[in-house]
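Undergrad: What follows is each chain in one-letter form.
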Amino acid sequence: MNTIRSDFSIAPLPFPDALAAACLQQFQTTPPLVHCLTNEVVQSFTANVLLALGAFPAMVVEAEEAAQFSTIANSLLINIGTLHHSRAESMLAAIQAANQSATPWVLDPVAVGGLTYRTDFAHQLLSLKPAAIRGNASEIMALSGLATMGRGVDSVDSSVSALPAARQLALQVQTVVAVTGEVDYITDGLRDFAVTGGDKLMTRVVGTGCALSAVVAAFCALEGDRLHHVATACRVMSQVGGQVSQQVAGPGSFIPAFLDGLYQLKISDLL
Amino acid sequence: MNTIRSDFSIAPLPFPDALAAACLQQFQTTPPLVHCLTNEVVQSFTANVLLALGAFPAMVVEAEEAAQFSTIANSLLINIGTLHHSRAESMLAAIQAANQSATPWVLDPVAVGGLTYRTDFAHQLLSLKPAAIRGNASEIMALSGLATMGRGVDSVDSSVSALPAARQLALQVQTVVAVTGEVDYITDGLRDFAVTGGDKLMTRVVGTGCALSAVVAAFCALEGDRLHHVATACRVMSQVGGQVSQQVAGPGSFIPAFLDGLYQLKISDLL
Amino acid sequence: MNTIRSDFSIAPLPFPDALAAACLQQFQTTPPLVHCLTNEVVQSFTANVLLALGAFPAMVVEAEEAAQFSTIANSLLINIGTLHHSRAESMLAAIQAANQSATPWVLDPVAVGGLTYRTDFAHQLLSLKPAAIRGNASEIMALSGLATMGRGVDSVDSSVSALPAARQLALQVQTVVAVTGEVDYITDGLRDFAVTGGDKLMTRVVGTGCALSAVVAAFCALEGDRLHHVATACRVMSQVGGQVSQQVAGPGSFIPAFLDGLYQLKISDLL
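Chains A, B and C supply the protein sequences, listed in that same order. Residue numbering for the first sequence follows the working numbering, starting at 25 and increasing by one per position. Residue numbering for the second sequence follows the working numbering, starting at 25 and increasing by one per position. Residue numbering for the third sequence follows the working numbering, starting at 25 and increasing by one per position.
Hints in this document: simulated from the structure, not taken from any laboratory. Glycine is no exception: its CB is placed at the ideal position from the N, C-alpha and C atoms. Heads up, a few of these hints could be off.
What the hints assert, rightly or not - Between beta-carbon pairs, the in silico distance windows are:
{"id": "1", "chain 1": "C", "residue 1": "Gln52", "chain 2": "A", "residue 2": "Pro40", "range": "17 to 27 Å"}
{"id": "2", "chain 1": "C", "residue 1": "Glu88", "chain 2": "B", "residue 2": "Glu88", "range": "20 to 30 Å"}
{"id": "3", "chain 1": "B", "residue 1": "Gln288", "chain 2": "A", "residue 2": "Leu37", "range": "17 to 27 Å"}
Said to hold, decoys possible - Quick list of in silico lysine-lysine cross-link-like pairs, DSSO-like style, CA-CA up to 30 Å:
{"id": "4", "chain 1": "C", "residue 1": "Lys153", "chain 2": "A", "residue 2": "Lys224"}
{"id": "5", "chain 1": "C", "residue 1": "Lys224", "chain 2": "C", "residue 2": "Lys290"}
{"id": "6", "chain 1": "B", "residue 1": "Lys224", "chain 2": "B", "residue 2": "Lys290"}
{"id": "7", "chain 1": "B", "residue 1": "Lys224", "chain 2": "A", "residue 2": "Lys290"}
{"id": "8", "chain 1": "C", "residue 1": "Lys224", "chain 2": "B", "residue 2": "Lys290"}
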């Protein structure tokens, strides 16, 4: 069904600076309240990233409250990195309430593929209409049909190799998919954008990918073209991360510098 | 019953430097062991704040152990930010053991008001004699009777607008209430103090309020006038936070600088 | 059975630089994937420490997945700092799978001794053949038979006073024991090494001991003499921690500087 857009030879266009700047302006004008059901390891960093950008993070975890809060929040993040049965129930309750109140929700399918429990859960979530999905190449390939076509699914897959899977997944689920890596690709299955930037140092800091998914969720709260909003989330994180990586001595000093960079980011910095 | 002290026109006195200095000296002489049952997002920052001040944090979470540890610890913090059923049981077990062994415990009623489960739980806890309660204006108003008198309960309430609620809550529960914000007010319902300082930047760092509640719990371990001890906890955090905010580039570099500032704090710095 | 090596007068030899350098080279050549079932407070710092050293941390917590992942990982860390029933089940499942697939696992018996639930659990784990145990003096004494011989078990015990307990525990369990403090002692019951370095400032940063246990687990993934590998883990953390402590203003700035130091560590720095 998706033969044309699976063609590797059609290279995605760079995401235009002017669109990114317009989206960031919209974001800063109406900073969203983001409900984060995310993994245990990255909660603090995730909250600090959202706060640095001017958004309002909140983690409400008991099922009945998570559902109640999803109707109040502007968007919802579901990250399955440290999934367990009790939290999975809360996630389902939160997603159902989000869908009933038209709160967009975003899936980060951490480590989907090799591990059975989370892989089954993530596939179940696909039917619940995520507004966007953000993952690395291996995760996006594992979530899509292409991933079962005999390719090795591991973290050394490059993001471009997962672009056909991302496009197919976006069409299947009717969502926006961001497959991130050295280059980030953002697609709704019919249109794609590429975002460059970032730095390998970011892979030595826990939670940079998870925090990006939270920022994607935050941008999904905006009215307008979701493909542009998700691409802007990627752009913001890649640009600040890339710049900061040049200025620091290692992954330890990256963390405070990155948060400062997000806090200081101006719309004109994207132009 | 509380008509006089609800009068807005009686402005609280600034908390005297000499009292703060004496309390800090007492604290440094007998650094407390603080049992923290706090939310998932802020556990690491909370522990680092207590360690920087010279106190000893410990998080013991299974109900039977939490109860056992409450009899050993010098004080107990209960923060309901990421409350769930299993942790709520541990909190109740810890509080009951704390009360039986005269270990003071402190309540941080995170986000009480809009969310039903935690609001019911927090009201239940009020009957279990907290030594102190620390919250923002909206939380304190939601916990007190005044909060139901038609006012909007949200995070834009200023702390002074919650002072009548704080006084009433303190009298009702026979506790010390700290309602914190641009100015912190600390009251036992009959006496109040004001603590200035801090900086808006602190609202862009996750856990500064939660960590303050842990420091309040630490100071509640001291013998003497609890109102003074709670006010000193607020003073220490406001002073160091305010100073550090002037020296840093954003919320990222605030975190290490704040911990360093707490670590370096001398009694003479309060005078 | 252990009378000779319990003799206090036989001082352990310093761990040779050349052995440490060779182990670190082996580590950097084959950076391990480390499954961490660790406490809630230190997960982020633990992951960042492993990433800074070039290893790959992963936290997979639901019992069935934890078991599945233990067969894939190169080693497993079990830290009982915030033990609760559900996580204890996951730990047992992970350990059993690890043992079936010859994945080495390491025990950090946080706060064992005074608290009944975790103490019983830790003793149960001893029969499941940990590759190494890393604890402070009080914890190692509590785990061993010597600990019940009337000595006070508290955190002021020096590591040298726990050396006989460490040797006995190592022989009993047929494992490597690292008892860490101002000096670290690493023993398999028949041979011991001493590692100096570190700094008192590290006791004011939450998770330095827990992160050391994760690094011990990472080094236990290596082929060869496990005693040397565990000693190298201690050496790396002590050396970087000691150097960094001289350069920072307090525990806040220690954290980024420590991670940077681990990231920048060269084999020649150990010689």
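Undergrad: Hints numbered earlier in the text: which of these fail when held up against the supplied structure?
TA: 1, 3 and 4
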